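Chemist: The residues making up each chain are set out below.
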Amino acid sequence: MPVTESSPTPAADWPADAVAALRALDIEQVAYVPDAGLTRFLTLAEEEDGIAMTSVVTEEDAVALTSGAWLGGQRALAAMQSSGVGNIVNMLTLPRVCGMPLLMLVTMRGEPGEANPWQEAMGRAVPALLDAAGVEVRRVESAAEIGPALARAGADAFEGNRQICVQIAQSVIGFKGFNGEGQGRGEGDAPTPDA
Amino acid sequence: MPRLPMLDRRAAVAELLKNRGDDLLVVAGLGAPAWDCTAAGDHDLTFPLWGAMGGAVPIGLGLAQAQPEKRVLVVTGDGEMLMGLGSLTAVGARKPANLAIVVLDNERYGETGMQRTNTGRGTNLAAVAKAAGIPVVATVGSPARLDEAVSLARTARGPVFVTLKIEPAEHELVLPPRDGVHLTQRFRAALGV
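Order-wise, the sequence lines are chains Y and C.
Heads up: the first sequence begins at 1 in the numbering used here, then just goes up one per residue.
Heads up: the second sequence begins at 1 in the numbering used here, then just goes up one per residue.
The set of hints was computed from the structure by calculation and includes no laboratory data.
Treat the numbers as computed from the prediction; the structure is a model and nothing was measured.
Glycine included, every Cβ here is placed at the ideal spot set by N, Cα and C.
Among the hints, a few may not be true.
Partial pick of chain Y residues on the chain C-facing surface, computed with a CB cut under 10 Å [to be verified]: (1) 20; (2) 24; (3) 25; (4) 29; (5) 42; (6) 54; (7) 61; (8) 63; (9) 65; (10) 74; (11) 93; (12) 179.
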């Protein structure tokens with residue numbers, strides 16, 4: 001599969017905007033399971049001093065880790081791909097029952113144009129699952145909106161002990177293609193995706 | 001061959017938490033470990049879980065990273081630990097020096113009817129922890145070695161993982177508060193955050 005570097009315009013450099021939002025929110029920990037759509041965001045966050053990046057192996061651990069950080073007086077972000085939302089459902093008990101803030105950043109798969117049909121089921125379920133478990137979902141459909149949306153969601157979550165997910169539409173991230181098919185790119189960050 | 005006596009969970013946890021001060025932060029896994037920690041003396045700086053199974057270690061990791069000057073002790077059971085085994089890899093990767101994990105291993109799911117867990121069928125939790133990158137691990141089953149286990153959990157440079165092999169006995173329920181908001185707020189207030 002050909003690899004081309006995207007060259008986002010400043011207005012569409014949502015990963016930089018999102019990291020700036022983390023700094024403005026005083027977020028000191030990020031727990032994540034990687035997604036291709038999160039690659040540049042995770043790389044930029046890793047370069048920041050004062051943000052502890054924890055790679056967890058299942059997304060529920062990211063939720064639990066943010067709760068532990070809150071107990072210890074720090075703000076944290078849980079970042080994951082849409083397929084990971086299915087893994088976190090029971091762990092959402094923790095912030096919900098304990099009145100702890102939860103800030104999630106979820107990049108979508110399985111939306112129209114998706115080349116991997118196995119992504120569709122959980123992608124479709126994300127808003128309903130989160131809503132059923134009491135997490136407010138705020139969908140963002142343009143790269144320019146991501147930084148401001150994350151900043152607002154973080155302020156609402158951390159100042160009001162609310163559980164909020166910023167959901168990034170797949171059209172922003174770009175679409176994976178196999179064997180040269182469907183090399184669609186989003187308007188923002190689009191490193192080479194993997195499955 | 002007669003089986004050697006194993007540890008009594010209440011006595012072991014009482015030793016583990018003895019003379020604690022405000023520099024020890026405790027996350028207690030759901031079920032009997034939470035009751036054991038409460039029996040040793042309810043404390044504002046103990047966060048007992050009533051759910052979120054599998055979350056004790058990642059909660060402890062987030063807490064340890066937020067409070068590097070405090071000792072963070074996760075006390076949980078084998079069933080809870082088995083559900084969150086993957087989280088040991090995050091501990092092994094981050095290696096927080098102030099985090100200790102103690103698993104009270106009775107090889108049973110105590111809250112659901114004492115069904116056997118896989119630690120009684122071949123899984124060695126300390127070996128899993130070691131393989132996940134946690135440098136200091138131990139398995140202690142005899143009262144004679146409890147002091148050594150307590151020393152590892154309370155003072156050794158972490159991350160530390162200790163399995164305490166305990167008798168599968170049931171004890172009186174000594175319940176912590178159930179209100180999660182209260183538990184969270186008292187913990188943060190006691191910590192001054």
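Chemist: Hint by hint, which ones does the structure fall short of?
Modeler: Violated hints (numbers, rising): 1, 2, 3, 5 and 12; every other hint is consistent with the structure.
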